[in-house]
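K.L.:
Here's the letter readout for the chains.
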Amino acid sequence: MSNAVRCTNLFKQYPGKPPVDAVNGLDLTVEEGECFGLLGPNGAGKTTTVEILEGLLPATRGEVEILGRRWGERDREIRQRIGISLQETKLPEKLTVREVVTLFRSFYDRGPSPLEVLRLISLEEKAGAWVKRLSGGQRQRLAVACALVGSPELLFLDEPTTGLDPQSRRQLWDILAQFRRTGRSILLTTHYMDEAERLCDRVAIVDHGRVIACDTPRRLISALGGQHVIEFALGSNGHAELCEPSVFEPLPSVCSARRDGEHLALTVDEPHVALPALLAKLDEQGSELASLTTRHASLEDVFVKLTGRHLTDDRNQ
Amino acid sequence: MSDVREAIEREDEVRRGQSALDDKRSTYRAPHPLLLIALTRMREFYREPEAIFWVYGFPIIMAVALGIAFRNRPQETIHAVVVEGPAASLVAEAIGDSSSPQEGRQSANSESPHSFTPTAPPKGEMGIARPAFHVEIVSMAEARRQLRTGKVAIAIVPRGSATGAPRWSNLDVEYLYDPTRPDAAAARAAVDEVLQRAAGRRQVVPTRETAFSEPGGRYIDFLIPGLLAASLMGGGLWGIGFVTVDLRVRNLLKRFVTTPMKRWHFLSGLILSRFAFMVTEVVVLFVFARLAFGVVVMGSWLLVILLILLGAWTFAGVGLLVACRAKTLEMASGLMNLVLLPMWIFSGIFFSSERFPDFAQPFIKALPLTPLIDALRAVMIDGAGLASVAGDMGLLLAWGVVSFVLALRWFRWY
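Residue numbers (my numbering), protein chains in the order written: chain A, 3 to 319; chain B, 902 to 1315.
To be clear, the hints were calculated from the coordinates, so they are not data collected in a lab. Check before you lean on any hint, since a few could be wrong.
[As the list claims (entries may be wrong)] As a list, the in silico DSS-like pairs of lysine-lysine whose alpha-carbon atoms are at most 25 Å apart:
| # | chain 1 | residue 1 | chain 2 | residue 2 |
| --- | --- | --- | --- | --- |
| 1 | A | LYS134 | B | LYS1266 |
| 2 | A | LYS134 | B | LYS1155 |
| 3 | B | LYS1228 | A | LYS19 |
| 4 | A | LYS96 | B | LYS1155 |
| 5 | B | LYS1052 | A | LYS96 |
| 6 | B | LYS1052 | B | LYS1155 |
| 7 | A | LYS92 | B | LYS1155 |
| 8 | A | LYS92 | B | LYS1228 |
| 9 | A | LYS92 | A | LYS134 |
| 10 | B | LYS1052 | A | LYS92 |
| 11 | A | LYS92 | A | LYS128 |
| 12 | B | LYS1163 | A | LYS96 |
| 13 | B | LYS1163 | B | LYS1228 |
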C-alpha cells in the first residue's frame, strides 16, 4: 500500500547572501484518501514545500514520492494522476468559463466533461460568462475546477481560500468535501486554522521550514491540556503582579496561562470551574475586568503555544 | 422546510459530484490540445479590440500615409522672377505665355512631337507634365530676397541695349539660382529652354516623350513589400514573444506545466495561432494595396506565399528567443524594441538599405529582416524566381533554426 505523498528529510536552500533555508528538514506522509493540511504563517515554507512535491522545484536534498513515483522519470504519468491549484494564477480574462475548463481538460487523457466539472463546482450558469466577470469566489472555484478536470487521485491546493469571503470559503469547502467522499487525497496549505480544523484529517504545523507538530486537529488541540480558552484583560487599576501569567496557573482547572498582547489567556479544562476561581482571585486583588471571553481552543492556540506567535495577525513580527 | 430542501439539494450535488469524478462513466472526448491552445490565443486576441487595430489597422494607415506622401505628382509650377529693366516685360511675357495654355493653342501644337507648349496632363492619368511657370517682375533687391527665402527657384536678369525697343537679338540674360538645389537647376534648364526657343532656336533632333508610370515602378510598389515584411516581423515578435511573457507573468505557463500538457503542443499551438493571424494580416494588406494603389505581384504568387510563411516562422522563432527568459512585460518590451529598432531603420522598409555606407552593409545584410524584404521585393517587383532569392531564403531559414534551438534550450516556463 503506497502513500499518496511521502517526503523525508526535505531541504530547500535558495541562494543569496546569506542563503535562505526555506525548507529545513521536513518530513510528511499523506495517506491515501486523506485530507492533509500544511498549516503555518506566511513565509513558513509551505509553498516551497508544495512546489517541490508538485515537481515544480528541485529540492536541495531529500526524498519525495508522489503516488509511489519519483519526479524525473515519466513525469507526465504522474501529472495525469494529480491536480494542482497554484496560489496565484490569473486565468485568461477574456475566455469564458467553459473555454477555460475545456482547455485544461484537453491536457488530460481521462476525466469528466467540462460541463460535468462546472456542475461539480456550481458554475454551470456561468459557463458562457467571461472569467473577467466572475467574483473572487467564483474564480477560485474555477481554478479548483481546472485542477479537477483530470479526475485526479491527489489534489494539491495552495492557499485555496485566501482572500475569499466566508460564504465563498464555505462553498469551496463543500466542493472539497465532495471530492473527499470519492476516496481521493488532498494536500492543502493554509494559514487559516478554521480551514485546517474543518477540512483536514491531519494537520502538520509548519514553522521555519520544519514540521513542529503533526496530528489530527483534535489531538493537537487536546495536547494543549485544556479544550477551552479564557481570555481577559484588566482595567487600568490592575496590579502589576497580576499581569504575570504565572499568577493564574495555580487556579483550579487551569492548564496553562500566557500573555497575549494586552490580554491574558488561560487554557482550561472546565470553564465553569475556572471562571469563578478567576473572578474570586481578581476580586480579592481589587482588580477590574476590562474584558472577558471564553471559547473553544483552536489550532491557533496550538500554534501560539508552540511558537509564541500568531498564525495570521500582524503580531507575527 | 427550506432546510430540508437545502439538505436534499446538497445530497444531490454530492451524488452528481461523485459521478462526475468517476472516470469509467465519462465518455467525453476532449478536442486536441494543440488546436485548443491556438484557438484560445485567437479568442483572446479577437476579444481585444485595441490589439486588432495595432496589428491590422496600423500597416494600412502606414501604407496610406506613405502612399499619399510619395505618390507621383504632376510636375510643380516653377516660380521665377524677372528683375525689372527695359527687357523685363519681353522676357516675362515669353515665359508667362508658355505657361498659360489655351485650348486652341494646345490642340494646335500637340500635333508636333517636339513642341514645348505646356499641356495640362489629361485627367485621371499620370501624364508627362510640361513645366508651368509663375512669373513676376520685381526689383533686384526683392528678387534676391525671394531667392534667399526659397520663394522662387530662379531670378532672371535680362540686360538689353539701353536704346530702342528690346529685342531678342540685342539681349543677354543672367540666371541667379542655387545650382545645388535640384528644383533650381531644373528651373534654370526649363527657363533657358523657353527663352532660347522664344529667341528662335529650333530643335535639331526631334524627340518624343512617353509617360512611364507602370505598376511596379512606383514608390508604393517598393513600399508594400517592406511593410509586409515589417508586419511579419512585428507580428512574430509581439504575437509570440510578448504573449509568451504575458502568460509567464500571469503564472499561466507554470499552471500549464503542472498539467500533463505536452510542451511542444503549447509552442506549436502558439505558432499556429500566429500563422492564422498572419494570413488575415497579409490578405488585408494585399487587398488594400491592390484596390487603393493597384499594386500587383510581378513574380510567382507561390513564391511570395512561401516567403511570407518562411518570414512568419523565422520571426516567430526570434520572438520566442527574445521572450525565452524575460520575467516582466517591461523587460520584454525593452528587448523587443532593441531587436525591432535596428531592423526598422537599416533593413530598408522605406528606402533601399543600399543607401547606407558600404562598411555597414555586412551587418545590415545579416539582419533577418533584410533578406526577407529583399526577396519579397525581388519577387513582387522584378518577378524574380526561386533561384535568385534562394540565398535570402537560406539566411532567413538559418535565423529561424538558430532562434528556435536557442529559445527552446533557454526557455523559462516559470
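K.L.:
Quick one, are LYS1163/B and LYS96/A close enough, alpha carbons at most 25 Å?
P.N.:
Holds - the C-alpha atoms of LYS96/A and LYS1163/B are around 24 Å apart, at most 25 Å.
K.L.:
Taking only the CA atoms, is the gap from LYS134/A to LYS1266/B under or equal to 25 Å?
P.N.:
violated, 46 Å
K.L.:
For the pair we were handed, LYS1052/B and LYS92/A, check the Cα-Cα distance against 25 Å.
P.N.:
Measuring from Cα to Cα gives roughly 63 Å; hence the hint is violated.
K.L.:
Just to be careful, I want the Cα atoms of LYS96/A and LYS1155/B compared with a cutoff of 25 Å; is the pair within it?
P.N.:
Since the Cα atoms of LYS96/A and LYS1155/B sit roughly 19 Å apart, the hinted pair holds (cutoff 25 Å).
K.L.:
Run the distance test for LYS92/A versus LYS1155/B: straight-line Cα separation, threshold 25 Å.
P.N.:
holds, 11 Å
K.L.:
What's the verdict on LYS1228/B and LYS19/A, does the C-alpha distance respect the 25 Å limit or exceed it?
P.N.:
Status holds; Cα separation ~22 Å.
K.L.:
Next pair to validate is LYS1163/B with LYS1228/B; report whether the Cα-Cα distance is within 25 Å.
P.N.:
Distance ~22 Å between LYS1163/B and LYS1228/B Cα, so the pair holds.
K.L.:
Please verify whether LYS1052/B and LYS1155/B have alpha carbons no more than 25 Å apart.
P.N.:
violated, 66 Å
K.L.:
Is the hinted pair LYS92/A and LYS128/A satisfied, with a Cα-Cα distance of at most 25 Å?
P.N.:
holds, 18 Å
K.L.:
Are the Cα positions of LYS92/A and LYS134/A separated by 25 Å at most?
P.N.:
holds, 10 Å
K.L.:
CA of LYS134/A to CA of LYS1155/B, is that 25 Å or under?
P.N.:
Given pair LYS134/A, LYS1155/B holds - Cα atoms ~20 Å apart, limit 25 Å.
K.L.:
Does LYS96/A sit within 25 Å of LYS1052/B, going by the straight-line distance between their CA atoms?
P.N.:
violated, 58 Å
When the structure is compared with the earlier hints, violations turn up for hints 1, 5, 6, 10 and for no others.
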